[in-house]
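The two chains are supplied separately, each in an independent frame; assemble them into the complex guided by the hints.
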Amino acid sequence: MAQKEATVYVLDLGRSMGEKRHGRSKSNLDWAMEYIWDKITTTVATGRKTSLVGVVGYRTDVTELDGVLEDSDGYDNIHVFSRPKQFLLSDIRELQDNIKPSSTNEGDEPVLGALAVAIHMIDKATEGKTKKPLKFDRRIVIISDGYGELDTSDLDGYVSKMNQEDAKYDLTLLGVDFDDPDYGYKEEDKDSVKEENETILKDLVNNCAGNFGTLAVAIDQLDIPRTKDTRAVPSYKGTLTLGDIRNYEATLTMDIERYPCTMIAKPPTASSFVVRAGLDDQAGAGPSTQSTATAAGDASGDAQLPGGDLSAVRNQRVYKVENPEEPGEKMNVEPDELERGFEYGRTAVHISESDMNVVKLETDPSFELLGFVPEEKFERYLPMSRTNFIVPQKANDQAQLALSSFVHALYEAGCYAVARLVTKQYKPPILVLLVPHIKGDFEALIDVELPFEEDIRRYKFPPLDRKLTVSGKVIAEHRDIPNDRLMQSMSDYVDAMDLSTFDLDDEGEPDEYMKFEDTYSPLLHRINHIIRWRATNNTYDKLPDPPRILTKYSVPPIDLIAQAQTHLDALKEAADVKKVPPKVKGRGKRSLRDREKPLSGLDVDELLGNPKRVKIDSQNLIPSFKQALAATDDLDAIQSAADDMSKNIKSLIRSSVGESGYGRALEAIRVMREEITELEEPEIYNAFIRGLKIDILNGSLQGDRREMWWRIRGSKYGLIDRKRSFASDVTEEEAAEFYKRS
Amino acid sequence: MADPLTDNRPGEEEDEDEEELDDSSYKTIKDAVLFAIDVSPTMLEQPPLPDDKKAERDSPTSAALKCAYQLMQQRIISNPNDMMGILLFGTEKTDLKDGDNTFQHCYLLSDLDVPSAQDVKQLRDMVENEEEAAKLLRPAAEGATIATVLFCANQIFTTKAPNFSSRRLFLVTDNDYPIIAKHDKDTAVTRARDLYDLGCTIDLFPISRVDHAFDRSRFYDDLVYPSSPSDPEAPVSTLSTTKVATSGDGISLLKQLLSSINSKAAPRRALFSLPLEIGPELRIGVKGFILIKRQEHVKSCYVWVGGEKVQIATGSTSHLADDTARTVEKGELRKAYKFGGETITFTPDEFIQIRQCFGDPVIRIIGFKPLSAASIWANIGKATFMYPSEAEFVGSTRVFSALQQKLLKSKRMAVAWFVARKNAAPVIAAIIPAAEKYDDNDEQTMPPGLWLIPLPFADDLRQPPDQGTTLKTTEELTDKMRIVIEQLQLPKGIYDPSKYPNPDLQWFYRILQAMALEEEVPTKPDDRTIPKYRQIDKRASQYIEDFGNAFNEVYQSAKKPGKTANLVSRKRGGASNAVKDEDDEVDAKSKPARKKIKQESKTQEVEMDLDEVEEGGLTDAQMGELNDRGKLSKETVGSLKDFLKARKQSTAGKKVELVERVQDYLESKGL
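Chains B and F, in that order, give the protein sequences.
Per full-length UniProt numbering, the first sequence starts with residue 1, numbered consecutively.
Per full-length UniProt numbering, the second sequence starts with residue 1, numbered consecutively.
One chain only, chain F, in its complex shape (with noise of 0.2 Å):
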């Protein structure tokens, strides 16, 4: 919970000492986005019945507002402290929530706050019932001028975000000359102004219609400011990828309204800013930008249920000494060691000496490897994107271009010397090359740059388990174990991230919903992680088959003598099930009387082995495997324990005890 002591600028001075160094420390800025949707007899229009029956026939208006319904419910997870809002400019109805009429023709739908369930509710009534929302999206026979929306945006954003270091508005329209008279032109240029020395951003998403293309340069341009303000330095993304949005159209304008929104759905923000030293005595700036990072849903807080309304209550931290029980200043705490029963401190100029003895911070190439040497066994960590910047050395664009075009071309990676911050821990890191990537259609899906990756130090490698067993596959089996994999490819044979939602978190947030709506809440999840089990069935059923049968034999034949009885008692293990149809087989002749049987009969086993695993441990065989290598002494106590306890045996005495025991039983079995 924020601090309320700090506000939501990072602060001026660069803090003394950051003792955790990940992301945590790495405040994202609070971001207030304003949604503007223009209503005006063309933005109601429906588009012409397409060919294709299926299309959506959003009218531009719903369609942004199915767009902003959708971006509040991903905000509440991705960005739960960030406030938005919508207005509805050139409305029959004024109303701004507060009792003024200032600004004709606005309307304010939800007010610029971080979003409640009530606004969630609202905004989907609205979008799922056309006839309740047309009440509404009435078009005024005057539109709003484009000044009044700009000043009331203004208004808004200073009264309700004061100090939010990202203000946008989201401007949805299809009118590209909202004016009459020139003098309109100067005041909406003048309020456009005003709001960009507030501080604010206004991204434009143009909407094409069926007859008349939507040309920024005819008005908007003199709008829209090329950076933003709270990002000066950011790349600006050229203006050709904000596409215009074509009423209309086969693509439907929902997705490609929804596609240029989501690009724009959390503001940019870099990282770090750094020097690239590509050599000694050759530096670039780049910017660092967190592209992959795991959405967690919100933890838990406590609410107050003291009053009538439910509340969240906000904690704050303070010290207190332990032997006086007085409340400490932040400033009286000093940082010790715990080493041999005791203490161990420095000062403070210590302690920054101690973190800062390996330089500034920096990216420093040390040298260049084949991309192979950046093994993914070897991950760490996620990857950091990097885009040059100009801000610091002018020409760092081209030399990185050069950077990434020739590493791409020859399929190498540099090692670099990475300290992000002033007291950050130093890492090795790989730099590697990537592509730009267009979706079918021609959306940037990966930008073209470099990744970061950290490498891991001698530190950080563990030494497999040795698992006592030594068998090694044939020829024969891996071909067709290979067979298996080829008829398994994932669509494109790529990981494309975006067909997988996270279960987990969708599942929290649909619950969550419905408990804040006061709805019914939902039973089934929808999971697209789990496996497609028939298509598995479809296309490799037959080869999983053939596989398990080899298995068997390859299996059978590698054994040593003298233990086949007990292995081939325990049929779950490594075989595949498809083995266990052998049996079967003759006198299935009928598929689905068979599968019921098998049904029942694979119940019982799964049971019987969950029994096995939680109460059993290891097998007789597995044990007697392990005495045999004479590893019996490795096992845990605990593992002994569970072994014997299976079998009814004593589980009293030290560990040498209960290895004589457990190898007495053995012997008792033949093992």
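The following block holds chain B by itself, in its conformation from the complex (with noise of 0.2 Å):
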């Protein structure tokens, strides 16, 4: 559930932390900043408007409190940066520049000092008008590297400051290289005086409840993606029955609420922007990584433009319609002139606003019980929906009782229920499939939607373990059919290769593989990751990688595969898959031999007497040309043929009454290009499709054909490039510039 939520980062950035440590390559500083800045993006990425954020740094070089206490006295080298307010991009980077170590090392530990400011900030931040503190997650994190003087005077104070019931604070402590016997990690030769420190500060945490660890703890967590946690909203809330309430006596009712139990966590989407007229020219705009391609916006981080070198786009629709006085042609239409209505097949149904009604089926709200089903005869694969929980009413025992039973009854009937859903008056309705579901003291029932007839499609495909003959007579043996030996090895390799067991729990053992709890989705937090990282990192030769956790399961366990090994080579050795080759193309491979036959294995051409030369017939001019490529492997006879088809193609758009004709001369083109790309001529094609692009924008083909232009771009039909054919002499580039009009 989104709380309302204050967080102040209290950050040591005394001179101590510029220093590298421990054969680390980045400062303690550096380090630490890591943990912070993934927190601080992590909080702006949510754009929540109730989720503040503030920063103070202490041992800094100045005193700087902004204004939070009014007397700075006993507050020295203590440093505001921000005060809890929502973080945009432009304080993350104003942050940047501002957080570096200081050449403070002396003096009093100020890090109570800094404490005590930033629970001021947080006070003075979540107050109500009245002064009564506002229901808010009050979070501090502070890190320190456990050097200074500590003044312990008044330590009980801030604990009960803390701890106070209508304004608790939850306080973390990351210390940078501090002992932490939980994980393992001891400093040696440790200083005394952070030794003492360490104590003492682990106390006061200890004393609030807060949490109290080492830096590299908290930065090895980092990589554990973090879910979301949503605020449930029932989709449907009303009864579950069985039989008719209205006409029937013996029937039940439960009241029951529908809330998700699976949706699927997508990742963010990008939206389009253009880059700012007047910036084209400019150097270094356009796509740099080096450069800041961000856009200063303005903070309310809605849809309203940003500023920068980027502006949102609009989407304009345009509509047309056949015009009626010039058959073949379109034009616009004004938005005034259209209304609503659907198409049945190819007839325009026009229903007016406020008939719209009339038709959706009438229905109202309702969860009915239609029947039940044994839960071994129900298919797997049937379900095509995410699932929701069915809970009883809130806080109504009655339901809760009903419920109950309802769902220990199919538990132990070992059944399924099927319902008819309707979750709001008007909603088409669906059915869906109830199962009990029990977790400890959790009882409910999930659903899931099922198909309808027409959902399914009945494709048919043959059997896998048998092979039909024509006449119908079953083989056994056949090299489709596994034989004996492949399926010993496959159940041999498929039983080595258990997850079920592969795992070990808490207590050491065996446990299931791969849990859903324990797999993140590697899209969304690839990219929350890579946007959170970029806000931070304006200068980079290169984005990082995913980090593993997101990888961790796309491929299976080293250890299980080693085990299995064996198995594998078996399998793999009885499967004896061959992967099969490019295939080997070109004019000469090809004869009349490798034509497809008809079922009967008839030899067409023969039965035509093998015909050298076929004539293009612009009646039959596709299978004719097809005919003719196939019957020659001259070269001079597939340029003639080549030629006739450029005249049938030419003459189609001559005479096509508008657009009536593009379609097949479209598909003359396609299908020469396809066959002679095949017969690595590319030129023949190549100075074909020059000629006609001439031709039509010439306006050579009786009159305006531009639209076949636009078609023949759309379609990609353009030059044959090297990319397609070895044998080509044109670049991408040359194929691609062919497309722009010129």
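Treat the hints loosely; a few may be bogus.
[To be verified] Below 30 Å or equal to it, Euclidean Cα-Cα: the simulated DSSO-like pairs (lysine-lysine) are:
1. B:LYS597 / F:LYS264
2. B:LYS467 / B:LYS572
3. F:LYS499 / B:LYS460
4. B:LYS237 / F:LYS641
5. B:LYS597 / F:LYS182
6. F:LYS472 / F:LYS264
7. B:LYS129 / B:LYS100
These aren't lab readings, by the way, just hints derived from the structure by calculation.
Set out below in structure tokens:
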């Protein structure tokens, strides 16, 4: 649930934070900031106005309280960078410039002073008009490297303040190289002052019921993706009934509510922008990784267009209809001449706005049981949606008791229920499967949508375990049917690769590997991760790889494969799978023999006396063209077939009334392009299409035929380039250039 | 609406950026079907009167027309952009609707096009009005030669559906040797090859006569090609599955023909063609097919009412830059993420890098688990059917078959890492085996293969809400309910989708068809998803009452003392209505009379409850319960306000104040 929250980061910026310790390549501060930036950018990414972030530095060169406290006495070397507010990208950038180690190492350790400032800041930001604390999650995260003298005079004061009933604080302290027995870390040759400070701080945090840990642990855990908690919204509140409650006496009625059980978490989507006018010509505008490719924007973050070098894009829709006066021509129509309707086949059915309900089935919210099916007879592939929980109405004991008995009865009978659900008035009814769900104390039904008759496509596929001949005889031995050896080795391999006991649970007992809870949506977290990373990295050479945890389940576990290796080898041998080499293509390779034959295997060409030359027949254009090419491997003959084809295509365009002949011409072009490519004579086609383009754009094919050119372009039937045929001398750039008008 | 610049063929080059990766990005191919129906004396013969009086007695031709009619209506729903035409051959009349008489004895009943309401009407009239039909269905003395029919189809496909990637000729005939001289056969064979070269498929629907079984090998095996030019790698179903419909048989000819035509109603096309990696360095080829998909009705569109005839307006979108309002070409668009009030962008190359860092498209098996690991509660979407393909790896079929059989036998499933396309988001999926299934007529109802079922990630799991109650069932209560469940099993104990047409979809098209034909709009929908109330009552009423009585007892004893009054006053809730019968039981001597009274009181009750739900929200008792558990502050402001409003209390102030007011109110009621 999206509770309001205020977090203040209290950062140690003393000179010692600038040092690199224990062989790390980063300074202590940079190392710590990895954690802080991750936290802050995660908050910024939510875009929530009720998530406030503040930042305080201590052991800084300057003292600047930004008016948090009127009297800065006793708060030396504390710098308030930001009071709690909704953080934006600009704030991140500003903070980046300010966070650097100071030259200060001396003097009293002002961490407690900084804590006091942080508490004060949060208090102010989270109180109501009447000075009463509002409902907020209050969090303080302290980073410290533990050097400096601590003033321990008022520790109890802090503890009681942070434990206040109406405004509790959640305190986290992460120490650089602090000892952490749970994690198994102990710093050797620890400075005695630091050791003492660690103890004091640990006591303080423990007294506040906070978290105390060493920074390394926190950094380690950064890679584990965080899942978002979403407030559950019911999609149906009403009754689940058995029987007709209006007309029959013995019926059952349960008050229930329906909440999401699974819901696919979608990665953030990118919106479309366009580079601002005027920036195009400037050097460095354009997509450069090195420049700041961000656009400054207004704080609201709404659809208002951001400033900077990107401009928002608006969509405009234009509607066209066939012009009644000039058949084959389209004309634009004004929106006020348009009304709602539906297509029935190619017939337009106009339905006025007020009549829109006539096509809707009249329904009322209801949830009715149809009957029951034994679970072992239910096919697992039928459910077609995400799932929902069906739970008793809130605080309704009767509903709870009734549903509980229903869930348990289903469970014990080994049955699922089928029910008809209408969630709102006029919504189409759906059929759902109801599955009992008992987990510890929690009892519910799970619903999932079932297909209707129209949702099933009845394609037929041949059997897999036997082969049928044309005459209907069954063959048991065939290269498509596995033999006993293959069956046995498959069986051994499947058994060896068992995941259900491959993992270990907390007690070290065998446990299921790759549970749902352990897998994280790779793309979702990849995109979130990279956006956050990009927000704090303005210059870079290359994008970081996805965190390992996101690819962990993309391959079988190495240990398991190693165990199963002998079975795998045996399976591979028994399977004897061979990769099909890339098609051997080209002229000469293709002969009449390879032509597809009808079911009977009849050689049609032989029947026709294997003609050497086939004339292109305009009435039978495409087949005769294909047959002409098949009959010869003489270049002149191919060229002449292509010329005939070209003539026919142009004539189709020339005689086209409006766009009526374009489809046929386009299909002929496609076939020609395909066949010629296969014959590896791309120049024949390229010469043709070049000429055709000129003819069309010059208007030499009876009038304005530009639409035909658009279609050729849209279908990408332009030049055959090197990528498509190695015999072509047209580069990819040239081919792309060809589509531009000139 | 289709972009006019893109034709119907899938692009040759891979589209670079795929943002949305659901089914909408998967364009179904456009399909054109031309029905060619033989009109000959034997095709027009009615079968002899069968023993079963109810059986339909259609002549083969009229059965074929009925099939065509049904297919046309069905395709308007399922493939609204696809074309269909009907060609009769062997008719006395010759008419191809273009004034041309080249093709003798061919009659184009409806031209190859996206069907219009008129086409549907015309066909219906043919089917329903036998006298009218008889005028047209008059066989010529010499039928049309099959070569003529094939060339006629060639011309129709070439002109009417030039760039449809799937073009199919459905040939319905009972004549397995429609030629006289050998020369005729040669011409037919040539014409059939032309059709094949044009990219059209011939689907033969042969009909056997009572006295003559149709023999494909006599003639048609020379005309029909084994693979479809539009999908050369699709597994070809074996010939024996195309049944020979027998005229005058026990099962009506119509049903048989319908069944074989239905299985070809939509052209089959693979959703993906991918390597299935069973283990490292062991890959086979599989194709994925969508066999289950929610069929929606067409979305409303804009129609132009400015002219004489209502026309569908086709829309196109152009992009404008917001700052200068200039038109922007697609290539100029840049993608950026909103973040912290600004945008974060990457170069196109980086976008590709971000999406494609998870490797190439593959279905990679990670290991195996028991079938139960794909619990139904974890479902997140529909399953995809997989069938082996030899196109990339020779031997795929036998290995796939071995895997399928092993998984079936051991009741296990595979867990796989699944990247469907280049830019697709990786998914973890379960691979579960499916056995082949048949109906009573040995027709395949579910093909054998493997199903790919997407599984949820931790991010996709939602926590159940806390409803604040803990009452648990008792053994007795569970048993009583179990009896009810056992009484009400669905037929054969299975959920059979073919028994449940989508009522909303059917209703939509019935209305739309009536409006398109300007006929009277039907008033009563045919909804087969409504429970069979009478049967439920007949089979289970007694047990439901038993349960109701037991429920009351358990409930009374489980309740906390002191709260009785409030909870009992609320009759609805979890109790069965049977409970309420108790009061009437004593004086209820004549059933009908009692029923009447009951109904009245029930109606009232329903109304009262509605009021309560709409205005009052939670009841006093429920609110009290929440208060007792200290969960009052978890209620939304809306629900607190509803509660207070219904009780004529003030709804002003902050949540804290609302909570206090609710508590005051509850206290005043002694809760």
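Status of each hint after checking the structure:
no. : hint                : verdict
1   : B:LYS597 / F:LYS264 : holds (22 Å)
2   : B:LYS467 / B:LYS572 : holds (23 Å)
3   : F:LYS499 / B:LYS460 : holds (19 Å)
4   : B:LYS237 / F:LYS641 : holds (18 Å)
5   : B:LYS597 / F:LYS182 : holds (19 Å)
6   : F:LYS472 / F:LYS264 : violated (52 Å)
7   : B:LYS129 / B:LYS100 : violated (37 Å)
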